[in-house]
Each structure stands twice: as structure tokens, then as C-alpha cells.
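K.L.:
Protein sequence lines correspond, in order, to chains A, B and C. So the number in my numbering is just where the residue sits in the first sequence, counting from 1, plus 1066. So the number in my numbering is just where the residue sits in the second sequence, counting from 1, plus 53. So the number in my numbering is just where the residue sits in the third sequence, counting from 1, plus 1.
These aren't lab readings, by the way, just hints derived from the structure by calculation. No false leads were mixed into what you were given.
Now the in silico label distances, taken between C-beta atoms and shown as ranges:
| hint | chain 1 | residue 1 | chain 2 | residue 2 | range |
| --- | --- | --- | --- | --- | --- |
| 1 | B | ALA139 | A | THR1180 | 30 to 36 Å |
| 2 | A | GLY1114 | C | TYR76 | 40 to 46 Å |
| 3 | A | GLY1130 | B | GLU171 | 17 to 23 Å |
If you want a taste of the chain B side facing chain A, the calculated C-beta under 10 Å gives, among others:
| hint | residue |
| --- | --- |
| 4 | ALA69 |
| 5 | ASP130 |
| 6 | ILE136 |
| 7 | PHE151 |
| 8 | ALA152 |
| 9 | GLN163 |
| 10 | PHE164 |
| 11 | ILE165 |
| 12 | LEU166 |
| 13 | GLY168 |
| 14 | LEU192 |
| 15 | GLY194 |
| 16 | ARG195 |
A virtual CB, placed ideally from N, CA and C, is assigned to each residue, including glycine.
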Amino acid sequence: MYPTTPEERQVYEQLVRYFRAIDEGDFADAAHLMARATVRTSEGTWQGPSGGAELLTRLRLYDGRPATKHLMSTWDIHFEAAGIVAKSLVYVLVLQATEELPLSLIRATRYADTFVKDENTWYLSERDTTVGELTGDLRHHVSPV
Amino acid sequence: MINPAGSLVNEQVIAAIVADLADAFDSGDARQFGELLRYARWRLIATGAEFVGTRGAEALASRSVRLYDGLPRTQHDVSNLLIEVAPSGDKATARSEFAVLQATEDLPLQFILAGHYEDAFALVEERWRLTSRDEHWDLIGRLDQHLAVVPGCETVGKGR
Amino acid sequence: MNREEVAEARRQVRGIISAYFNALDTGDMRALGEVFRYGRTRAQSSRSGAQVIAEPDEPYEGSERIIQQFVTHNYFYDGTPSTKHFTTNLTMEIHHETNRATSRSRFTVVQARPGFPLQPIVTGRYVDSFEWRAGRWWLVDRFEDCFLWGDVRHHLVDELRRRLQLPEFERRAPRAEIPDVPDHS
Chain A
1067 MYPTTPEERQ
1077 VYEQLVRYFR
1087 AIDEGDFADA
1097 AHLMARATVR
1107 TSEGTWQGPS
1117 GGAELLTRLR
1127 LYDGRPATKH
1137 LMSTWDIHFE
1147 AAGIVAKSLV
1157 YVLVLQATEE
1167 LPLSLIRATR
1177 YADTFVKDEN
1187 TWYLSERDTT
1197 VGELTGDLRH
1207 HVSPV
Chain B
54 MINPAGSLVN
64 EQVIAAIVAD
74 LADAFDSGDA
84 RQFGELLRYA
94 RWRLIATGAE
104 FVGTRGAEAL
114 ASRSVRLYDG
124 LPRTQHDVSN
134 LLIEVAPSGD
144 KATARSEFAV
154 LQATEDLPLQ
164 FILAGHYEDA
174 FALVEERWRL
184 TSRDEHWDLI
194 GRLDQHLAVV
204 PGCETVGKGR
Chain C
2 MNREEVAEAR
12 RQVRGIISAY
22 FNALDTGDMR
32 ALGEVFRYGR
42 TRAQSSRSGA
52 QVIAEPDEPY
62 EGSERIIQQF
72 VTHNYFYDGT
82 PSTKHFTTNL
92 TMEIHHETNR
102 ATSRSRFTVV
112 QARPGFPLQP
122 IVTGRYVDSF
132 EWRAGRWWLV
142 DRFEDCFLWG
152 DVRHHLVDEL
162 RRRLQLPEFE
172 RRAPRAEIPD
182 VPDHS
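This is chain A alone, in the form it adopts within the complex:
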């Protein structure tokens, strides 16, 4: 369902832009969208501008892109605290195709996000992608720690 209010759309747009930035290899943009966040993944917890950037350096690239596509499922959002906190839930499927990996589903997980509004702009404050995560062949996507 498409966002129903401008507020919802602002938060939703951050999600869409984040996944597009990853898929297009625009890691500066992706890191910027996570700059104020604490991000919990199955590989660890990443924090702040350097954390986000570091998470992204572990992605394997093919001609400058990770060769992935991140797809968002039906998305739900609830506002709290007089409208300055938003809790967002979305499922994400990650597809990848490389010379070595035929088009495959490599990850399916839930992104549970908290966005906070600060002077009329929303920013990601917390993200947890670990709940119920299903993984496929990630060897072509993430370098081991």
C-alpha cells in the first residue's frame, strides 16, 4: 500500500532510497541514511557514520555495484510520542546474480526500524534486521569478517 500521508511518505522514501543506493553502489548515500543509527545485523552491531560506512565496505562489488536487488514487501508504520517517533516494519528480499552465481535469492529478513523526527526531517535511529532472518548463499555478497 502506498503511504497515506506526507509524513509516512517521508519515512518510506528513506527506505526506498536506502535500498536503491545499496543496489546502485552509491555507498556514500546509503551511509548517510544510516549516519545517526544503531544498526543490528546478524554480523554485529554498527553505529553512527563510521559504523554504517564500515558495514558497507564489507560488501563484495562487481563493476562497482553489489549486483543485488533489495525488494520491500508491504510495509507498515506506526507513529508514537506525539508523532515524532515512527516504527516501521518491512520485509526485504535480496536477489543477486553474478558471473558465478545464477540469479538467486540470498536473503529474506525483516527490517524493524525506528525513525525520529528532528526539526522537520526524519532520520533512522535504530534498525534491527536479525529477527527471523533466512539466508541463502551470501558468499558473493558479503566478505567474511
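Based on the hints, put chains B and C in the right spot on chain A.
P.N.:
Okay, now just chains B and C, sitting in the frame of chain A:
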């Protein structure tokens, strides 16, 4: 239907068109698919093929793809939709991601293609209509059960 | 219904659908039952909509029956089915005359298990109806059409798969129609 920008009603209508396009194609509803493309030009960027209007829709949905008992046996999942309605309120653009699943007798259920659409819409006689769609292929899998002619696009997509 | 009420209906419908899939995938029976407090579900399976290959189930109605159906039809691993029900193409319409809402959506179920790589296992469509009761919208009817089938042996119990006559038990080869002249518009 013209509405103030705050209500996003235009966007809901446009989002429904995007969903209907996938539904009509996958369920083999040629009449609806043709009607949805009546004012549109659909271009496949990977091959340069172009399909225009209702007749183009017929070519796209029935002659350029393989059918099994009249159906393509595909599911087009469309997501990550972002719509921009122009301030004038009578034109819009949208971008979305898509992934195609297929299952046939010779193909176990799998993703066969993933890409993105760049769409344009306009109000025609006060109804929102698709006016153009550029279909980009980003990740390519097995197209041989889907396309009537599989283009030589080994250089397109994989890790592009 | 005014515009704001329609927008609120969209939000509630979205929330119900999201709650349903989160409940399914986390094995949360209580939450699943709550979604269907006033609801019933009917399913059919078809190959790409072309042919219904199994008669629709008797409708399952109400929280207890839905939970029972869920528990008896699916395999569980540490309390969850180890799936993700991924939904897209969700649209909603309000029917002002009957004070109902209907929604359409697509689903793709993916699953991974040890020895069973992450993959789509079944896809389909939902048509849902909602009614306004006791101050909010409730799901009252769900029609599920399973459309494209993959390997559901780790998801649906043997007896159900047999009843659905899925390809592993009975294969029928559809004849592919390849056009004589490929389109080169």
C-alpha cells in the same frame, strides 16, 4: 481526480495502476492489459523493443512471451514504488522495482528476472493513465521459458 | 466516508495484513487468531489460474479454527514455519454502499532449512474483505489462490500435499505455445 497534495489520493490511484498492470499480464487478461496501455508506450531497454497502445499491449502480452494454456505462468512482484506528482497535478512519474517468478513443467519455481520500471502518467479526461514505461533489466536469470526470443543479452545484467 | 476515513481504512488494512504475515512467520498463534476473530479463510490452488486442481477447502472460520488449520497444515521448526510470506502489489477499494473494503495482494512464500537452500516455494494472490465493527476494521473474508508451485515439502504436511495433487505426485505436461513469428516491434 484532482486532489490537494496533502492527501496522496492521486498516488493511491497511480499505485493501483502499477499493480493492475502486473495483475493483468500475469492473469492473461488481455482486455484489461490493452486498456491500461491504451495511451502508453512501453519500451524494453535491454532489447530496444517498443510496444505502443492497445495493439502494442497485445503484442507484448501474447506474441513476445511464451504462453502455457494461454497464460505466461509468471508472477510480477512490484515493490519499492515511489511516485512524484507534478505541482500542476496533471502529470506524474514513478519508479518501482520488479522481480519475476516463473514455474513451468521444465522450470522449477524461481526468480527469472529482476529490474526496475520508470513510468510516466498523465490525466486523460480526468483519469490517470500510464503514458510511458521504460523497463530496465538488472539481474537476469533463465528467460528461455518466458520470452519467445531470448535476446543475446549475456552482457546485460549480471553484476552490471 | 470522507477522505480521511478512507486513508485511515488504508492504514488499518495495511496493518492487519502486515500483522497476519508477521504472525504466520513467527508462529504467533495468538496474534494470528486475533486477525481472524471475525474472519474466515477459503483457499484454492490452481496452476497459474488456468485450472483449479483441487476443490476449495471448506472455509475455516474464527480464531480457533484458523489456528487449528495453521497448526495441522504446516511443518514447524522451533515454533516457526521457517518461512517469510512476502507480499506486494497491495491495493484497496472502499465500497461505500456496503461499508466494506476489499484488498488485493500478491504473496511469495520463501523458505530455507538446513539442506534446503533459500528459495521461493509458492506464490499466489489474496482477495480480502474487511468490515467496520466495534470501532475498527476487521478482516472478514480471505480468498487465497495459490498460483505457482515450487517445492513445498518442508512447508505443507504430506496429507495436504497429496490432497492438492501437486506436481511431485502427479505431473501433467502443459503444452507450451510458441508463436511462429517472434515479435520485433
